[in-house]
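Here's the letter readout for the chains.
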Amino acid sequence: MLLSAQGVARRYGRVVALAPTSLDINGGDAIALIGPNGAGKSTLLSILAGSLEPTEGSVSSGETGAGPRVGWVPQRQAHYARLSPRENLELFARLEGVADAVGVAESFLRVLDLPDDGRWTAQLSVGNQQRLNLAIALLAAPNVLLLDEPTASLDPRQRRRLWEVATQVRERGGAVVFATQNLEEVEHFATRVVVLLDGALVFDGSLDEFSRSPEADVFA
Amino acid sequence: MSKIGLLLGKDLRTLRRSPLLLAALVLYPILFAVLVGLVVRYANDRPRVAFVDLDHLPETLTVGSQQFNVEQVISQVQGSVDLVPLSQEEADDQLASGGIVAEIVVPPGFASKLRGMVESPRLVLKTARGGFSGRVEQQTQALVYALNRRLQDAYIKANLKYVKLILEGGQGSFLGNEFDVVGLDRAAQMLDEIQRTSKDPEVSARAAELATFVRQARLALTASGDSLRATANPIQLKVDTNAGRTWLLSAQLQAYALALTLAFICVLLAAAALAAERDENVLGRLVRGLVRLRDLVAVKILLATVIALALGFAIVLLFGVLAEALGVTGGEPWARLPLLLIGIALAGAAFGAFGTLVGAVSRESRTAVLVGFLTALPLVLLGLVPEGAARAAWWAGRAFPFSHAVDFFQAALYDADPWGTLVREGAWLIGLGLLFAAGARAGMRRLLA
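Listed in order, the protein sequences are those of chains W and G. Residue numbering for the first sequence follows this note's numbering, beginning at 1 and increasing consecutively. Residue numbering for the second sequence follows this note's numbering, beginning at 1001 and increasing consecutively.
Keep in mind that the hints were calculated from the coordinates and are not lab data. Any given hint might turn out to be false.
[Said to hold, decoys possible] Label pairs and their calculated CB-CB ranges:
hint, chain 1, residue 1, chain 2, residue 2, range
1, W, Gly-28, G, Ser-1002, 31 to 39 Å
2, G, Gly-1431, W, Arg-157, 53 to 61 Å
3, G, Asp-1415, W, Ser-60, 55 to 63 Å
4, G, Val-1423, W, Ser-153, 56 to 64 Å
5, W, Arg-69, G, Arg-1016, 27 to 35 Å
6, G, Arg-1424, W, Ser-22, 56 to 64 Å
[Claimed, not checked] Not the full set, but computed from the structure, chain G residues with beta-carbon under 8 Å of chain W:
hint, residue
7, Lys-1003
8, Leu-1006
9, Lys-1010
10, Arg-1017
11, Ser-1018
12, Glu-1280
13, Asn-1281
14, Val-1282
15, Gly-1284
16, Arg-1285
17, Val-1287
18, Arg-1288
19, Gly-1289
20, Leu-1290
21, Val-1291
C-beta: ideal position from N, C-alpha, C; glycine also.
Assemble the whole structure, with the sequences as input and the hints as a guide.
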């Protein structure tokens, strides 16, 4: 097991964004988080990523004890608008403690086909910004990749590239957890499905179990 | 490079790429200097005061034996106010409408009382209500003082004329009555003659006694000129306008210019920079173990400190160059530079820490800038309250770094023995900075929500 969430919950005053939820993430998992808007998918991913503290419960690393390297692609772009993609990548690589920050940034610019003409990120298309969002998450070679509706603004070619990268993470023994509203992506990529409804986990099972469950009808 | 250094470098690069913000940083001190200049001009501007002559003063007025050209005297003594001759009706109308700030009325009989030199004539001052009245009263007092200075010579000369009459004798007049005075000189001669010619030893002895008194009286009255002048001016003020710095280059203005500029720029910059991390949605990435919250607060305080040093150094340089170019004496613009830079760094950090607190509770950069301005402005104004004026307001001002920065800068610039003040105010700045930073660190949790 790479990562384990034990009864994590998040409340904002009297509003419950996420009811106590437990989730174990194992190597090789491709977990699809599905649910309507406001179901708590982003909240759960933020808690798993460590960017949001749960009001109760905890997230722990797996049995190895070494602690997973978690890469997180939030739904909203999370980079500096007045820096170029290269500057963003080099900065976050250095903050991640990557030894060859310049080399790693260079390789991600090439692999994800990001513009390197000195333009600020704010001047790039939404698709390019989303790819930069992904590239930053991949800088530390994560073994758990958390994707929050990652394909929303990508064209078909870029979507394929994204899933190739995600597959590579799984092939290295890692896991991918992705929130999506797109059942086609779930069918093509997920090995496990988690359904959230009104902040509560209502289903956690394999893709086959999901396809036979009543929840599948809700999202069909 | 440390993570703090990396993020500071990012912030400085971002700042360089924000031309509007950069222009504001450069133009702010210039704008500030212009505003101060306008305030100075306003402060020195001569208020318009009506001169209402109900006595119909003659062109030339004789007081004692001295003649005064009334118009000339008024133009010579009106330095502090702009006297405008108006009728009573016009003056009242303009005072009511704000066209003038006061009227000085010369009542009927003024000139005759002045000529009589027995009773002091009175001028009447009418002022409007409000903030100007005190200042106008002061300036009118200055005008009356200047007039009195001109008249006192005439009064002294007139008094001395009577003294001379008593000494030398002759014909004199007082309140229209003509009379003959023997005079002490002639009285002494007459007594000597009596003494010489009298055959009665008792009369001779009395004449000798009176002659001694007359000699003593002559001696005393001979010195009465100096004595009268000394009575009129127990203390004289000699004005030397070239002895010190102009107000525009004074330590006080320099200290306020520095503190005011740093207060607003550092507070707003740190507040906006911290809130911008949330605006750009990067905060979530950073706090995932990349950067500690306290380090993020430290970065923004450092950013404010670096900008404070750059901007403060430019202002100090400008003042120093001006002082050198204008050949202004006093103060040590260059020798105290290191001390001043330490103060600028401490003040920048303290203001920056306050800014991070504002940024942490505001959540969003535009709100942070607005809240930063709205909180810094009254706190700066409270910092201007003098200690004895309003105790509560003064203490509230002390809870903000502004007054401590001003005191530090003034001591660093011109105090002969500044160390006590520097240590005290430096400790205040550090203490307040730490307090605000701790508040900002606690408030950061709001940004993460």
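How the hints compare with the structure:
As the Cβ distance of W:Gly-28 to G:Ser-1002 is approximately 37 Å, the hint placing it in 31 to 39 Å holds. The hint said 53 to 61 Å for the Cβ distance between G:Gly-1431 and W:Arg-157, and at roughly 59 Å that hint holds. About 60 Å separates the C-beta atoms of G:Asp-1415 and W:Ser-60, a value consistent with the hinted range of 55 to 63 Å. Range check, G:Val-1423 to W:Ser-153: Cβ separation about 58 Å, and the 56 to 64 Å hint holds.
Here the CB-CB span from W:Arg-69 to G:Arg-1016 is close to 33 Å, well matched to the stated 27 to 35 Å. About 57 Å separates the C-beta atoms of G:Arg-1424 and W:Ser-22, a value consistent with the hinted range of 56 to 64 Å. Checking G:Lys-1003 against chain W by beta carbon gives a least distance of about 6 Å; that is within 8 Å, so the hint holds. Taking 8 Å as the C-beta contact cut-off toward chain W, the hint placing G:Leu-1006 at the interface holds, the least distance being around 5 Å.
With its C-beta approaching chain W no nearer than about 6 Å, G:Lys-1010 sits inside the 8 Å limit, and its interface hint holds. The criterion of a C-beta within 8 Å of any C-beta in chain W is met by G:Arg-1017, whose closest approach is roughly 5 Å, and the hint holds. The interface hint given for G:Ser-1018 is met, as the beta carbon of that residue sits about 7 Å from the closest beta carbon of chain W, less than 8 Å. Annotation: interface hint on G:Glu-1280 holds; nearest CB of chain W at approximately 6 Å, less than 8 Å.
Evaluation of the G:Asn-1281 hint against chain W yields a held restraint, the C-beta minimum of about 4 Å falling below 8 Å. Hint status for G:Val-1282 relative to chain W: holds, with the closest Cβ pair at about 5 Å, below 8 Å. Interface restraint check: G:Gly-1284 against chain W, minimum CB-CB distance 4 Å, threshold 8 Å, status holds. The interface hint given for G:Arg-1285 holds, since its Cβ lies 5 Å from the closest Cβ of chain W, which is under the 8 Å cut-off.
Because the beta carbon of G:Val-1287 sits about 6 Å from the nearest beta carbon in chain W, less than 8 Å, this interface hint is met. Because the smallest distance between the Cβ of G:Arg-1288 and any Cβ of chain W comes to about 4 Å, under 8 Å, the interface hint for this residue holds. Proximity of G:Gly-1289 to chain W holds as hinted, the smallest CB-CB distance being about 6 Å (cut-off 8 Å). Nearest Cβ of chain W to the Cβ of G:Leu-1290: about 4 Å, under the 8 Å cut. The hint holds.
Satisfaction of the interface hint for G:Val-1291 is found here, the shortest Cβ-Cβ separation to chain W being roughly 7 Å, below the 8 Å cut-off.
Checked against the numbered hints above, the structure breaks none of them.
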